[in-house]
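Engineer: Build the full structure now, drawing on both the sequences and the hints.
Chains A, B, C and D supply the protein sequences, listed in that same order. Here the first sequence stands for residues 8 to 366, numbered as in this note's numbering. Here the second sequence stands for residues 8 to 366, numbered as in this note's numbering. Here the third sequence stands for residues 8 to 366, numbered as in this note's numbering. Here the fourth sequence stands for residues 8 to 366, numbered as in this note's numbering.
Calculated directly from the structure, the hints in this document are not laboratory data. Hints may be right or wrong, so weigh each one.
It does not matter which identical chain is meant; a pair holds if it fits inside one copy or across any two.
[What the hints assert, rightly or not] In the DSSO-like style, the derived pairs of lysine-lysine whose C-alpha atoms are separated by at most 27 Å in a straight line are:
#1 Lys42 with Lys150
#2 Lys71 with Lys277
#3 Lys150 with Lys277
#4 Lys71 with Lys218
#5 Lys259 with Lys172
#6 Lys276 with Lys322
4 protein chains.
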Amino acid sequence: MAGNTFGILFRVTTYGESHGNGVGVVIDGVKPNIKISEEEIQKELNHRRPGQSKLVSSRQESDKVEIVSGVFRGKTLGTPVCLMVRNADTRPEDYDNLRNVFRPGHADFTYYMKYGIYDYRGGGRASGRETVGRVAAGAIAKKILLENKIRIFAYTKSIGDITAKSIDYRQIEKNPMRCPDNRAAREMEKILRRVKSGGDSIGGIVEAVVKNCPPGFGEPVFDKLEADLAKALMSIPAVHGFEIGSGFSAAKMLGSEHNDELFREKRNKKIHMKTNNAGGILGGISTGDDIVLRIAVKPTSSIHMRQITVDRAGKKREIVIDGRHDPCICPRVVPVAEAMIALVLVDHMMRFQSIKKVR
Amino acid sequence: MAGNTFGILFRVTTYGESHGNGVGVVIDGVKPNIKISEEEIQKELNHRRPGQSKLVSSRQESDKVEIVSGVFRGKTLGTPVCLMVRNADTRPEDYDNLRNVFRPGHADFTYYMKYGIYDYRGGGRASGRETVGRVAAGAIAKKILLENKIRIFAYTKSIGDITAKSIDYRQIEKNPMRCPDNRAAREMEKILRRVKSGGDSIGGIVEAVVKNCPPGFGEPVFDKLEADLAKALMSIPAVHGFEIGSGFSAAKMLGSEHNDELFREKRNKKIHMKTNNAGGILGGISTGDDIVLRIAVKPTSSIHMRQITVDRAGKKREIVIDGRHDPCICPRVVPVAEAMIALVLVDHMMRFQSIKKVR
Amino acid sequence: MAGNTFGILFRVTTYGESHGNGVGVVIDGVKPNIKISEEEIQKELNHRRPGQSKLVSSRQESDKVEIVSGVFRGKTLGTPVCLMVRNADTRPEDYDNLRNVFRPGHADFTYYMKYGIYDYRGGGRASGRETVGRVAAGAIAKKILLENKIRIFAYTKSIGDITAKSIDYRQIEKNPMRCPDNRAAREMEKILRRVKSGGDSIGGIVEAVVKNCPPGFGEPVFDKLEADLAKALMSIPAVHGFEIGSGFSAAKMLGSEHNDELFREKRNKKIHMKTNNAGGILGGISTGDDIVLRIAVKPTSSIHMRQITVDRAGKKREIVIDGRHDPCICPRVVPVAEAMIALVLVDHMMRFQSIKKVR
Amino acid sequence: MAGNTFGILFRVTTYGESHGNGVGVVIDGVKPNIKISEEEIQKELNHRRPGQSKLVSSRQESDKVEIVSGVFRGKTLGTPVCLMVRNADTRPEDYDNLRNVFRPGHADFTYYMKYGIYDYRGGGRASGRETVGRVAAGAIAKKILLENKIRIFAYTKSIGDITAKSIDYRQIEKNPMRCPDNRAAREMEKILRRVKSGGDSIGGIVEAVVKNCPPGFGEPVFDKLEADLAKALMSIPAVHGFEIGSGFSAAKMLGSEHNDELFREKRNKKIHMKTNNAGGILGGISTGDDIVLRIAVKPTSSIHMRQITVDRAGKKREIVIDGRHDPCICPRVVPVAEAMIALVLVDHMMRFQSIKKVR
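Structural biologist: Structure below.
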């Protein structure tokens, strides 16, 4: 029990089901005197929201965020920041025919086995809608990181067989795929149209790069930076794999290829790596180079095709899932991945700071 | 700070540097009245120990474990179990020439940046030797799991381009590669001999399967079972990637391929999946099917080849690392992976049990 | 930072300032399938609410609770239960003249020193209003305890020099003092009237008894039951002391007087203590006897008398605090104390249960 | 389960039974580059050790501490510091006749009820000997505090009816009572001689003062400084009560007496309180004034007198406890209390520091 809190010093607790009264988050450990407005958080949430193109779910979530606590006259108080988004545009009747059926690929079955009860409407707590709280908290985390010049860029790296060939961060928000390569994005869109028309869905890879993270973040031997990032990202619905730097390709490499040569930059006398197979982390601690990671996203579980499954009584059932669903959720995972990375980094920044002198 | 504890209810804290007085672990949350002996733990440690073949490091660690506390007349007391292994056969002089140099691929640089000090002898805390404590704790965790019929099998799935084609658990301990396919194991050995003779090293993949885990383990939305497994395994030195079930291959799959069809077994009326792309976990909770995961292991960082790097002063240095090192650490990662998986499962088993009636 | 969460398995996070948008709590770890309604929680909150007699603060808090998440068709889901109470009837203008002044006995000064900012309206986060979330969470905790036949009775034991002479639980809710001795209650009321008419306030003692707690709750050596109870109760605003069983009187006792003689009850063969100086806890673990504890409550800090203090600039200021304040807060501390005790007990019940067999 | 760890960032885990192989502690979160030696820690342990006078237990614990890890060439590494003290001079035969009997006032009964097994030799884990690990950890915590000029003075305030009338810290170590008033100490010794000769024991009060703690420590609303101090001190064996500042006397005070007037010191422009009923903490946060607290210590449970109890089978038994026991443990609680206070303060110092800028 009690798995809905993340972080030690920057501690985030999310709440809410897809079709209940609302979803949100309490963030404990936000430092005082940061300027923050509902508009800023809303902007991040809009980023996450479906309904942004024909290729993503057309549910019109208004996702209007309210700052319930922790902010006074536009500034954080150092007390818990509670953010809430009311659920609207819920169409529970979409789910009525599924109330006793375990949808393949969904958590209906496991929630039922664990709790003996679940809110079948839209996945309840297991819905992607739960990530609203993560993204809202991430908005504040990003702001704190930005004060320290740390920036995170996540993007769709590949969908099916199509992979971005170039990485231009400015292109990410210029296409509905959130792909840093507009040309590849157009290919991805073609694939998605085809997949969607067949009622099917498809998987992909999201990559993220953290710029300007100083050396020293990460707490060996269990709370290593890559370990906490892995946990953070693997906790996002539909994520099936995580890798840092060279990742799974390291399994085929020689040590002489993989080891990153260290050198001192003339400019600022800082030590860096010539290559970055480490992905910006060595021994669980950030090196000061870019942190580079990737996650594998499985194809959307809700597909508009005939599927065989069982109901609560164990009886065989044939179902077709209606409702509005993205053929590929990578574009929507992007802001959630950024948020989760931001939560990890702020928490580790604070842990690192804790050994500085108090006076 | 304070990243050396893992788990909530079965809580493991490791301590010790490679060339200090000793390494070990305190395990808090071991249930009382379990029979446990130094011999049993020793057996697991021997499993981890190097020097088992010419292809793994020839350091003769005696690794004699002592139960310092928590066990009375052969049974656990429910109090913290402290296990300690004295360091012996240390040859710190091997490291004298490296005391100011940051070895590529190692944590020397990041430890120095974070702490301003590090024990350069054998990697200190960042050494693989730190995993002694994990394996010792894992021995107890496995015993508790076995009471509940839960078993873990980890093995070397691939090294470089060679991959096990068949999975026969009985073969794992029959070859020094810990590969479940003896034929592939012989190919792997050939590769390793070649790599070693060139002073180089190579990466690989370790796979693990958990048999007989009941449905219900895992605590959404952050302490999902796959998230905690990812953290546990990514915290092992040299691990660069983690995947569950279909893993990164999900990125190229269609939903209609990926969704696992549910059915009820005639025999015991239990619900299972026909395929297991989920890897035994849906929505962060175990399904009752096999849990299947893989980790990518980077090539050993210590290679007997000329490498360029810098020293503490930032001065360019050319080094060749002496000492005894494995050309591929997959066979040694295998017992550590099993231990970490066991720690996660016991902890989650206890969390799941916590909602049962007390009387 | 991040001090707003309490508990390990039954984990409570409160949020909200006195005069912000709302106050509330997220409870993570509520077991599934418990019936719970807004009415039940409301009932506990009404218990806490001021304005119940002329002798307690006359602020008309409507305190209408909303279950935002975690409950589906009247039953808990096992997911986080978010409860919220909107702030109404706020009269921030009462505090305008105090915005730069540190009120004696209040947390204005320390919040300012720690955070550099605080919501001066009604004490902000340091207000007694923060306990709304505690009491709301306690309502659920009590319900879970009651399933296990565990009941908690807290009451005003003394105010100033007046002490309850008899303990009749049925009288507690029959007088505004929440005193188990109606006769003493009338004396207390007299004192309060006198104190209030002088613009002053007075302290008191709240006692609590837990009936039917089974042996075995409490986790030595740090999370001893009395230690966690002490923390829980000392975290309530205005509490200055905690004692268990014999408490401070133990300091004058002999071992031969203090040691409780053990005996076996004929009736049920259970072992109990003849006396209960232990207060129901030995070595950090519940004995199965009544748990008995007491807390010292300081006089209300807000008094309607001339006081000398300083403002933010350090300048000497003379102030008189207006507004509605209880002359003694013991009656209002009673439900908060019960709630905090309930949180501790449920959490420890779950920790104790975690070592039971899963199947 | 898992109650043997204390602290969030300065995290202490103790282990060991009274008559097992050893007792000790792992401290995670010790900042790097602190000079620390076995001699320094030994000095604190000697302070705790019994056998220091005829009035305290004459067991000759050698208590020789070993630094097992975390220190390299006399300096901390930032990695876990494991400290171990071997058990010697154990006379388990003293306890043979008690192996099935629940000693009144001891934890035998509750450990048996909770765990179904316990090490009956000398109290096992419930022995005061467990505090060796606390005091050893406290030695390091105190050193870190001292760098920040924070000092802790604990002392025996009263034994039975005798109370120190003056507080002169220099006298504390000049008498075996650890009383800051040598004259009162002599009275206390007289009492103890009389009590001991009758085979009995007696309780007392230990007081502690923290000098020079800056404002800002403490994390509302649950991890308030007084709440964490209460937990820390109530977790010490035999402690039955805790109070801060005015403590239980607040229950009889008027608000106009109790509120501490704030003023600005001319000398350094710092704001302080004229009186200190708050005990150095307001709203859970340190004020910058002395932190003043007291704990009630029950009479030693082991008395050399005939007592009635039951054995494991529930059968009535008459026992007389042999062995070496202090007639009053206050003098031995003093260093443990200092250690626990130090652990709380370092942890909170680090939490406070965590919001400082990283660069």
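Engineer: Within a copy, between copies, both or neither: which one fits Lys71 and Lys218 at a CA-CA cutoff of 27 Å?
Structural biologist: neither (30 Å within a copy, 45 Å between copies)
Engineer: Please sort Lys259 with Lys172 into within, between, both or neither, judging by C-alpha distance up to 27 Å.
Structural biologist: Classified as both: same-chain Cα gap 22 Å, cross-chain 17 Å, threshold 27 Å.
Engineer: Given a CA cutoff of 27 Å, do Lys276 and Lys322 count as a within-copy pair, a between-copy pair, both, or neither?
Structural biologist: between (68 Å within a copy, 10 Å between copies)
Engineer: Measure nothing new, just compare the shortest in-copy and cross-copy C-alpha distances for Lys71 and Lys277 to 27 Å and report within, between, both or neither.
Structural biologist: neither (44 Å within a copy, 43 Å between copies)
Engineer: Checking an output row: Lys42 and Lys150, CA cutoff 27 Å. Within, between, both or neither?
Structural biologist: within (9 Å within a copy, 38 Å between copies)
Engineer: Taking 27 Å as the upper bound on the Cα-Cα distance, should Lys150 and Lys277 be classified as within, between, both, or neither?
Structural biologist: within (26 Å within a copy, 33 Å between copies)
The earlier numbered hints that this structure contradicts are 2 and 4.
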